[in-house]
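Engineer: Can you make the complete structure from the sequences, with help from the hints?
These protein sequence lines map, in sequence, to chains A and B. Note that the numbering used here gives residue 53 to position 53 of the first sequence, counting from 1, and the numbers run on in steps of one. Note that the numbering used here gives residue 131 to position 131 of the second sequence, counting from 1, and the numbers run on in steps of one.
These aren't lab readings, by the way, just hints derived from the structure by calculation. Idealized CB from N, CA, C, for every residue including glycine. Treat the hints with care, as some may be off.
If the Cβ cut is set under 7 Å, some of the chain B residues that face chain A in the computed set are [claimed, not checked]:
| hint | residue |
| --- | --- |
| 1 | Ile47 |
| 2 | Leu104 |
| 3 | Asp118 |
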Amino acid sequence: MNNGFKKELLIGLAALALLAALPLLSPGRVTLDFVIRLAALGVFATSLNILVGYGGMVSFGHAMFFGGGAYTFGLLMQRTDVSIPVALLGAIVFCSMLALVVGMICVKLKEIYFSFLTLAFQMLIHSVIITWTALTGGDQGLMGGIPRRPFWGGINVADPNTLYWFCVIIGVVSLLVMRYILQSPFGYTLRMVRDNADRARFLGIDVWRIRLYAFILAGAFASIGGSLMALFVSGAYPEFSYWTMSGEAVFMIMMGGINVFLGPIIGAGLLNIFNDIITRNTEYHGLALGVIVLVFALGFKRGITDFVGQLFNTLTKKRVQP
Amino acid sequence: MDPIALYECLTSMSCIVTQTSTGLIVGSLLFLVAAGLTLIFGVLGVINFAHGSLYMLGAYIALSAYRITDSYILSAVIAGAGVGLFSVIFERFFMRRVYQAEVLLQLLVCYALILIMDDAVKIIWGAEFQSMGMPAAFQAPPLFIFDGIVPVFYVFMICAAAVIALVMWYVLTRTRIGKVVRAAAHNPTMTSVLGLNTTWIYAGVFAFGGALAGLAGALAAPVRSMSPGMGFSILIESFIVTVIGGMGSVSGALVGALLIGLVRSFGSIGFPLFVEGTMFLAMALILILKPSGLLGKEPRP
Numbered sequence: 001m002n003n004g005f006k007k008e009l010l011i012g013l014a015a016l017a018l019l020a021a022l023p024l025l026s027p028g029r030v031t032l033d034f035v036i037r038l039a040a041l042g043v044f045a046t047s048l049n050i051l052v053g054y055g056g057m058v059s060f061g062h063a064m065f066f067g068g069g070a071y072t073f074g075l076l077m078q079r080t081d082v083s084i085p086v087a088l089l090g091a092i093v094f095c096s097m098l099a100l101v102v103g104m105i106c107v108k109l110k111e112i113y114f115s116f117l118t119l120a121f122q123m124l125i126h127s128v129i130i131t132w133t134a135l136t137g138g139d140q141g142l143m144g145g146i147p148r149r150p151f152w153g154g155i156n157v158a159d160p161n162t163l164y165w166f167c168v169i170i171g172v173v174s175l176l177v178m179r180y181i182l183q184s185p186f187g188y189t190l191r192m193v194r195d196n197a198d199r200a201r202f203l204g205i206d207v208w209r210i211r212l213y214a215f216i217l218a219g220a221f222a223s224i225g226g227s228l229m230a231l232f233v234s235g236a237y238p239e240f241s242y243w244t245m246s247g248e249a250v251f252m253i254m255m256g257g258i259n260v261f262l263g264p265i266i267g268a269g270l271l272n273i274f275n276d277i278i279t280r281n282t283e284y285h286g287l288a289l290g291v292i293v294l295v296f297a298l299g300f301k302r303g304i305t306d307f308v309g310q311l312f313n314t315l316t317k318k319r320v321q322p
Numbered sequence: 001m002d003p004i005a006l007y008e009c010l011t012s013m014s015c016i017v018t019q020t021s022t023g024l025i026v027g028s029l030l031f032l033v034a035a036g037l038t039l040i041f042g043v044l045g046v047i048n049f050a051h052g053s054l055y056m057l058g059a060y061i062a063l064s065a066y067r068i069t070d071s072y073i074l075s076a077v078i079a080g081a082g083v084g085l086f087s088v089i090f091e092r093f094f095m096r097r098v099y100q101a102e103v104l105l106q107l108l109v110c111y112a113l114i115l116i117m118d119d120a121v122k123i124i125w126g127a128e129f130q131s132m133g134m135p136a137a138f139q140a141p142p143l144f145i146f147d148g149i150v151p152v153f154y155v156f157m158i159c160a161a162a163v164i165a166l167v168m169w170y171v172l173t174r175t176r177i178g179k180v181v182r183a184a185a186h187n188p189t190m191t192s193v194l195g196l197n198t199t200w201i202y203a204g205v206f207a208f209g210g211a212l213a214g215l216a217g218a219l220a221a222p223v224r225s226m227s228p229g230m231g232f233s234i235l236i237e238s239f240i241v242t243v244i245g246g247m248g249s250v251s252g253a254l255v256g257a258l259l260i261g262l263v264r265s266f267g268s269i270g271f272p273l274f275v276e277g278t279m280f281l282a283m284a285l286i287l288i289l290k291p292s293g294l295l296g297k298e299p300r301p
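Structural biologist: Below, the structure is given as structure tokens:
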């Protein structure tokens, strides 16, 4: 492990400490539920940013892995008596395989074509979930709740505080692992493929393979997000793999900013808050969200972290001269 | 899976006629939507993810216009023109701003439009399923061709789509307008240097593509039930059509649409649960074997 990563590890530990203190500061369920949701959606959004921000591949079908992960996790917990970590692993394996197959067809394609094709495959997964009623419960979703069996001796996620801990730790660890991978030589190769695929090719890099690996990685981490969500809401619903979920993920990373690793987390938090406010005040969720999306996409055109970075650069202009 | 039913259907003339006519009307609708999608992509280089919403808008406008005017043909024209107008507004005020931007922003603008349109339709026309019913002009006894039942309206739909396809072919290949549009698709900078206003060409193509989608919605109104969000499935299907036919190729869209239409109607007898899968399989095969599509000339976009 290089020295640079020690800093990230410390930040991760600090975040954990902060999140550990949170139940003491604000004992209500609302805050804790918010953080659990944020862990699930944050991991999901960050996994999409592996493709969009670091790989330059704008996937519009990423929810297929979120939904796929949620259903695999839920089904493994309901139909078999494996423990939660094993079910989580199962979800990761399933979504990696799915990403391998879809990725082999998609990653060759250029920009907008890639977006549409991933969207199309996601709708295929969604319609499989809707039609295969015997396995998935159709449009009702996985009924009957997902059992929260204790595992590893005494970890009992049926207790709300333990559930909070479990989700927070899985979330932070997933983010750290993603960060580690993106700071590795592979991560920098991916950035080079994004910036100049031809040059990468001349240097002997198999561009297709690098993109495919990124696609599989993104799918695997999205499945962790989906599994956490399934565990939290104790069910899995077709909406998890619907195109609106992909749209929300794209919006989260755009709003937070794709150029900073933690941007998508900020975006996920903001969208979470927006969704809460909108649902409380109006039944026309799409209308309100659509207007917000337009304001960000046409008005600001950049994510929040980009603005912060710009501000920081302006303040320290004398020292950071490009 | 029911291969025996499919075999029995293929040995009976009446079943072939009925299924073919169903396949052709599905194909007609898909062609109209996909042609607009592929034309906009060919000329403007963007994929209009909100194209399905224009189809939905067309269906609802036709519904209201029919209830007011009581003339189906007139309401179909109103739907086409209305959606065309709406498309210009959408293009001028929103889409235009992201032509040069990243795909991410193009995607988000379309995503926002779909969300807003679905809710707008809910506010104006209500969230419940609606249907227009068969217009009075077409309430004639169905035709019997080789004992197969073909409703009169189906014949009208197929003819309407065929006429539009012919007109499009003529305009695009034989007139000055077609030349200008093809030039703008091929090299927009050169086209504008030659003194042609590419801004208006873009707006015009977008409006025309939108009008086609609106017309498709109007044609679908008597035979399909309407609900907010109805545009999304046809968007995905017409995308599959354009991939199979070749992105940017209008004739490819025609071939792809008829192919998918027939696969749908015969597949619903032989392998009802696997129809969707067959379409995707066809698309995946095309992408692997001939990525530019059946009739696409250019290399993969």
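Engineer: Does Ile47/B pass the interface check with chain A, least Cβ-Cβ distance below 7 Å?
Structural biologist: 5 Å, holds
Engineer: Holds or violated: the hint that Leu104/B contacts chain A, with Cβ atoms closer than 7 Å.
Structural biologist: It holds, given that the least Cβ distance between Leu104/B and chain A is near 5 Å, below 7 Å.
Engineer: How about Asp118/B: closest beta carbon in chain A under 7 Å, or not?
Structural biologist: Check passed: Cβ of Asp118/B comes within 5 Å of chain A, closer than 7 Å.
Of the hints listed earlier, there is not a single one the structure fails to meet.
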